[in-house]
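Engineer: Protein sequences appear in the order of chains A and B.
Mapping to the working numbering: the first sequence position 87 is 87, numbers consecutive.
If you want the working numbering, it's the 1-based position in the second sequence plus 117.
Mixed in with the good hints there might be a few duds.
Partial list, derived from the structure: chain B residues whose beta carbon lies under 8 Å from chain A [claimed, not checked]:
{"no.": "1", "residue": "E121"}
{"no.": "2", "residue": "L131"}
{"no.": "3", "residue": "G132"}
{"no.": "4", "residue": "Y135"}
{"no.": "5", "residue": "G138"}
{"no.": "6", "residue": "S142"}
{"no.": "7", "residue": "S144"}
{"no.": "8", "residue": "K146"}
{"no.": "9", "residue": "C148"}
{"no.": "10", "residue": "S163"}
{"no.": "11", "residue": "E168"}
{"no.": "12", "residue": "G224"}
{"no.": "13", "residue": "F225"}
{"no.": "14", "residue": "M229"}
{"no.": "15", "residue": "N233"}
DEER-style ranges, computed between Cβ atoms [as the list claims (entries may be wrong)]:
{"no.": "16", "chain 1": "B", "residue 1": "E240", "chain 2": "A", "residue 2": "R48", "range": "22 to 28 Å"}
{"no.": "17", "chain 1": "B", "residue 1": "Q252", "chain 2": "A", "residue 2": "E84", "range": "35 to 41 Å"}
{"no.": "18", "chain 1": "B", "residue 1": "G153", "chain 2": "A", "residue 2": "T19", "range": "34 to 40 Å"}
{"no.": "19", "chain 1": "B", "residue 1": "S217", "chain 2": "A", "residue 2": "F80", "range": "33 to 39 Å"}
{"no.": "20", "chain 1": "B", "residue 1": "E236", "chain 2": "A", "residue 2": "I56", "range": "24 to 30 Å"}
{"no.": "21", "chain 1": "B", "residue 1": "E203", "chain 2": "A", "residue 2": "F105", "range": "38 to 44 Å"}
{"no.": "22", "chain 1": "A", "residue 1": "R48", "chain 2": "B", "residue 2": "E203", "range": "31 to 37 Å"}
{"no.": "23", "chain 1": "B", "residue 1": "G248", "chain 2": "A", "residue 2": "E101", "range": "18 to 24 Å"}
Please keep in mind that the hints were generated in silico from the structure rather than gathered at the bench.
All figures in this text were calculated on a predicted structure; none of them were measured in a lab.
Heads up, the beta-carbon is just placed ideally off N, CA and C, and yes, glycines get one too.
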Amino acid sequence: MDERTQRTIREVAEELGLTVMAGKEGLGQVVTGAQVSDLLSYVMAQGRAGDLWVTIQTHPNIIAVAALARLAGIVVAAGFDPGEETLDRADEENTPVLVGEESAFRIAGRLYELGVR
Amino acid sequence: MDEEPLAHYEFPILGRAYFLGGRASTSVKRCLTEAGVDEETIQRVSVACYEAEMNVVLHARSGYVAVSVYEDRIVVAVVDQGPGIEDIELAMKPGWSSASEEARSLGFGAGMGLPNIREQADEMRIESTVGQGVQLVITFRRPGRPSQRGERRDG
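Isolated chain A, as found in the complex:
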């Protein structure tokens, strides 16, 4: 794999202009792939360790899914606001939660352009 595609979550957040809301301890994780879905079971089945998950779901259960499937982190898209409970849980699990105003489609496109495949 092209070395330039090996970005950490921190670098992805900077390049895409995403705001880090929680899980700062996990920002050094390398992003090796991505998933875009709002169905939790789909992400459970298809998610691979190191995937970044783009979703518009915001409730605390997304943190459990990310932690159990060993995802690198979560991007909450389209300006949706993960509440305090979700962010607290993200900090507990060291799961980075990033937020962005752009749609899931656009964020996915930009991830792809960055070389995340």
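Take the given structure of chain A and dock chain B to it, following the hints.
Structural biologist: Then chain B, alone, in the frame of chain A:
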């Protein structure tokens, strides 16, 4: 089978508490990590356990998950008190779900839970009495360990 597990853990699951869902599975994952189980097996158990836990949360009043670690396998039992499953064959069909609209709007109830569990497990047994609840027993073989079943272990 009178074989004693090397370790045993139990965690309660609260029905309808969508946002607490995943807590029990996260605890299971932590315990298996501490017990020195390999990562791949933990991953499989975690995914199956989460799906089973969410089934309890979405459909039942309450339940628990019990995990037994054996030398060669991990056995997860998820037992609930609730409406039970009328037609298990139908419930096993990918995409079929009886989850509420509310649950679906939160991204649950995709009808992938039981199929996901079957995908991860080496063995899966599901029993249900309508009006009482569901008993799900899932077995995961640990890689590189010969089967201990039916053999007596020296104490």
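Engineer: For each hint, tell me whether it holds in the structure or not.
Structural biologist: Hints versus structure:
1. E121: This interface hint is violated because 28 Å lies over the 8 Å limit.
2. L131: Where the cut-off is 8 Å and the nearest Cβ of chain A is about 13 Å from B:L131, the hint is violated.
3. G132: violated, 15 Å
4. Y135: Check passed: Cβ of B:Y135 comes within 6 Å of chain A, closer than 8 Å.
5. G138: holds, 5 Å
6. S142: Because about 6 Å separates B:S142 from the closest Cβ in chain A, which is inside the 8 Å limit, the hint holds.
7. S144: violated, 11 Å
8. K146: Hint holds; B:K146 Cβ to chain A Cβ min 6 Å, cut 8 Å.
9. C148: For B:C148, the interface hint is violated, since the closest Cβ of chain A sits about 13 Å away, which is over 8 Å.
10. S163: holds, 4 Å
11. E168: holds, 7 Å
12. G224: Where the cut-off is 8 Å and the nearest Cβ of chain A is about 5 Å from B:G224, the hint holds.
13. F225: Interface hint status for B:F225: holds (6 Å vs cutoff 8 Å).
14. M229: holds, 4 Å
15. N233: holds, 5 Å
16. B:E240 x A:R48: 22 to 28 Å: 24 Å Cβ-Cβ, so the 22 to 28 Å window holds.
17. B:Q252 x A:E84: 35 to 41 Å: Given a distance of about 37 Å, which is inside 35 to 41 Å, the answer is holds.
18. B:G153 x A:T19: 34 to 40 Å: This hint holds: roughly 38 Å between Cβ atoms.
19. B:S217 x A:F80: 33 to 39 Å: Between B:S217 and A:F80, where Cβ atoms are some 21 Å apart, the hint is violated.
20. B:E236 x A:I56: 24 to 30 Å: holds, 26 Å
21. B:E203 x A:F105: 38 to 44 Å: holds, 39 Å
22. A:R48 x B:E203: 31 to 37 Å: Given a distance of about 35 Å, which is inside 31 to 37 Å, the answer is holds.
23. B:G248 x A:E101: 18 to 24 Å: violated, 49 Å
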